[in-house]
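Protein chains: 2
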Amino acid sequence: MNGFARLPEPPYYAVIFSSRRNGDDEAGYAAAAERMLELAAQQLGYLGAESTRGADGFGITVSYWESEAAIGAWKHQAEHAATRAHGRKHWYEHFELRVAKVTRAYGKPKN
Amino acid sequence: MNGFARLPEPPYYAVIFSSRRNGDDEAGYAAAAERMLELAAQQLGYLGAESTRGADGFGITVSYWESEAAIGAWKHQAEHAATRAHGRKHWYEHFELRVAKVTRAYGKPKN
Numbered sequence: 001m002n003g004f005a006r007l008p009e010p011p012y013y014a015v016i017f018s019s020r021r022n023g024d025d026e027a028g029y030a031a032a033a034e035r036m037l038e039l040a041a042q043q044l045g046y047l048g049a050e051s052t053r054g055a056d057g058f059g060i061t062v063s064y065w066e067s068e069a070a071i072g073a074w075k076h077q078a079e080h081a082a083t084r085a086h087g088r089k090h091w092y093e094h095f096e097l098r099v100a101k102v103t104r105a106y107g108k109p110k111n
Numbered sequence: 001m002n003g004f005a006r007l008p009e010p011p012y013y014a015v016i017f018s019s020r021r022n023g024d025d026e027a028g029y030a031a032a033a034e035r036m037l038e039l040a041a042q043q044l045g046y047l048g049a050e051s052t053r054g055a056d057g058f059g060i061t062v063s064y065w066e067s068e069a070a071i072g073a074w075k076h077q078a079e080h081a082a083t084r085a086h087g088r089k090h091w092y093e094h095f096e097l098r099v100a101k102v103t104r105a106y107g108k109p110k111n
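Read top to bottom, the protein sequences are chains H and U. The first sequence begins at 1 in the working numbering and counts up by one. The second sequence begins at 1 in the working numbering and counts up by one.
In case anyone wonders, no lab produced these hints; they're calculated from the structure. In this text, a Cβ means the ideal position worked out from N, Cα and C, and glycines have one as well. Treat the hints with caution; some may be incorrect.
Covered stretches of chain H (chain U as the covering partner; in silico rule of three or more C-beta atoms under 8 Å from a C-beta of chain U) [claimed, not checked]: (1) 11-25; (2) 54-61; (3) 87-100.
Heads up, simulated PhoX-like pairs for lysine-lysine below, C-alpha to C-alpha not over 20 Å straight-line [as the list claims (entries may be wrong)]: (4) Lys75(H) - Lys89(H); (5) Lys108(U) - Lys89(U); (6) Lys108(H) - Lys75(U); (7) Lys108(U) - Lys75(H); (8) Lys108(H) - Lys89(U); (9) Lys101(H) - Lys75(H); (10) Lys75(U) - Lys101(U); (11) Lys101(U) - Lys101(H); (12) Lys108(U) - Lys89(H).
Please take these sequences and the hints and turn them into a complete structure.
Written out as structure tokens, the structure is:
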């Protein structure tokens, strides 16, 4: 993933995940992050994601979903749940997750 | 702004702004970005913001607001509107803006 998600017209749902890495296990983290995006993309109701992290270790990933049910199914996907549990312990100094319903969107250039 | 917003319990509103810089006018852009965050923080209904940009020029800023009315007032704030118009022309190769209602949130460590 490298840039903008191509999304349908709203409404749809967003999971806003903000995190600060602890700096440990960069290789393990990078491999898992790539795998999670690959896995998410196979989930029913997945629409896309955007992600970035600055040099200070603070990152934001927003994934987009057709429905709250799709977000719930992703949360309970077994490999994702296991990786998430590992990440809480080993990769993140701090994270915040917010689930939101997108009601309006626009951009330049137009999709 | 350098890290996590401290937010109340949901519901509240989010403006998710994804952008790719064109690489021009880094000093002007950085000064304006700082000024916009300072100005946003003075707006009624502003709750906080989180922002990061990777080395590839792709960035995500999420600002949080008490209400859609507060987001509308910020959109029409004169200095912000002028800076936004300038930014569309001079700073961004591409951007996408999404307005969303946050309904659930959790984190580690707890706020």
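Now the hints, each set against the structure:
no.: 1; hint: 11-25; verdict: holds (count 4)
no.: 2; hint: 54-61; verdict: holds (count 6)
no.: 3; hint: 87-100; verdict: holds (count 9)
no.: 4; hint: Lys75(H) - Lys89(H); verdict: holds, 17 Å
no.: 5; hint: Lys108(U) - Lys89(U); verdict: violated, 39 Å
no.: 6; hint: Lys108(H) - Lys75(U); verdict: holds, 16 Å
no.: 7; hint: Lys108(U) - Lys75(H); verdict: holds, 16 Å
no.: 8; hint: Lys108(H) - Lys89(U); verdict: holds, 10 Å
no.: 9; hint: Lys101(H) - Lys75(H); verdict: holds, 17 Å
no.: 10; hint: Lys75(U) - Lys101(U); verdict: holds, 17 Å
no.: 11; hint: Lys101(U) - Lys101(H); verdict: holds, 5 Å
no.: 12; hint: Lys108(U) - Lys89(H); verdict: holds, 10 Å
Of the numbered hints given earlier, the model fails hint 5 alone.
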